[in-house]
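If you read the sequence shown in the numbering used here, its first letter stands for residue 3, the second for the next number, and so on.
Careful, some of the hints might be misleading.
Each pair of labels, with its calculated beta carbon distance range [claimed, not checked]:
(1) P40 - V150: 28 to 38 Å
(2) T122 - W159: 42 to 52 Å
(3) R147 - P23: 25 to 35 Å
(4) F49 - S144: 49 to 59 Å
(5) R148 - S111: 15 to 25 Å
(6) F86 - L52: 11 to 21 Å
(7) V150 - S109: 16 to 26 Å
(8) L27 - R70: 33 to 43 Å
Source of the hints: derived by calculation from the structure; they are not laboratory data. No experiment lies behind these values; they were computed from the predicted model shown. C-beta atoms are modelled at their ideal positions from N, C-alpha and C, and glycine is treated no differently.
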Amino acid sequence: MYLYYGILVAGISVGCVSGSPTLNLYSTYFFYPVLYGPVQIAVSLFFSLLAFRNVRRIVRRQVPIVRRRLDRQMTAMILTRVVFFVIFALPFTIYRMYIINNPPSRSNSLQYSIGLLLQTSLNYFISLNNASNFYIFMAISSRYRRQVKCVLVRKCWQRWKHWHCMRQNEVAPANPVTITSNDDFD
3 MYLYYGILVA GISVGCVSGS PTLNLYSTYF FYPVLYGPVQ IAVSLFFSLL AFRNVRRIVR
63 RQVPIVRRRL DRQMTAMILT RVVFFVIFAL PFTIYRMYII NNPPSRSNSL QYSIGLLLQT
123 SLNYFISLNN ASNFYIFMAI SSRYRRQVKC VLVRKCWQRW KHWHCMRQNE VAPANPVTIT
183 SNDDFD
């Protein structure tokens, strides 16, 4: 709990600003360089290499062709995912380590505005890291595309159609005429 003492909500900036030197040291030398950057990259790379080795071993064994093809697709998805993770996470990590140690001065409004623009852009860029999985998997795996199509078309579309088309094809006049007396027909 001692690390979080001194966090200030910034007036104009995006997010919070730390006023604690201990939290700045922790973020600079442990969180961003170790936990957020290399550890995640190393774990992802390790498991992608294990998957790649598994596919190489499956090729030598008597495994059905369909299973081999699916394992190749999975390996390609994992390796591509690791590459995109490095591309998206590295700029954000480097920027955060720099900005914690060298906060921009509010007296120079141009430099401060450029820093805010860069921070907002990198926050958007890091959020693409999470959204990119869907697009990577859609581009690489035919099985994933079939599964998404099955879920979207068969299940979601049928539910939507059922909810919005509850009424049967009933025919009714748009403006019903009401007759109040028989004098109109005489």
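(message) Looking only at beta-carbon atoms, does the pair L27, R70 fall within the given range of 33 to 43 Å?
(response) violated (50 Å)
(message) Given a hint of 42 to 52 Å, does the C-beta separation of T122 and W159 actually sit inside it?
(response) For T122 and W159 the Cβ distance comes to about 37 Å; the hint is violated.
(message) Holds or violated: the 15 to 25 Å window for the beta-carbon distance between R148 and S111?
(response) violated (53 Å)
(request) State, for the Cβ atoms of F49 and S144, whether the hinted interval 49 to 59 Å holds or is violated. (result) violated (23 Å)
(message) Assuming the hint says 16 to 26 Å, is it satisfied by the Cβ distance from V150 to S109 or not?
(response) 51 Å Cβ-Cβ, so the 16 to 26 Å window is violated.
(request) Could you say whether the range 28 to 38 Å given as a hint is met by the Cβ separation of P40 and V150? (result) holds (33 Å)
(request) Could you say whether the range 25 to 35 Å given as a hint is met by the Cβ separation of R147 and P23? (result) violated (51 Å)
(message) Taking the Cβ atom of F86 and the Cβ atom of L52, is their distance within the range 11 to 21 Å?
(response) Holds - the Cβ-Cβ distance for F86 and L52, about 19 Å, lies within 11 to 21 Å.
Violated hints, in rising order: 2, 3, 4, 5, 7, 8; the structure is consistent with all others.
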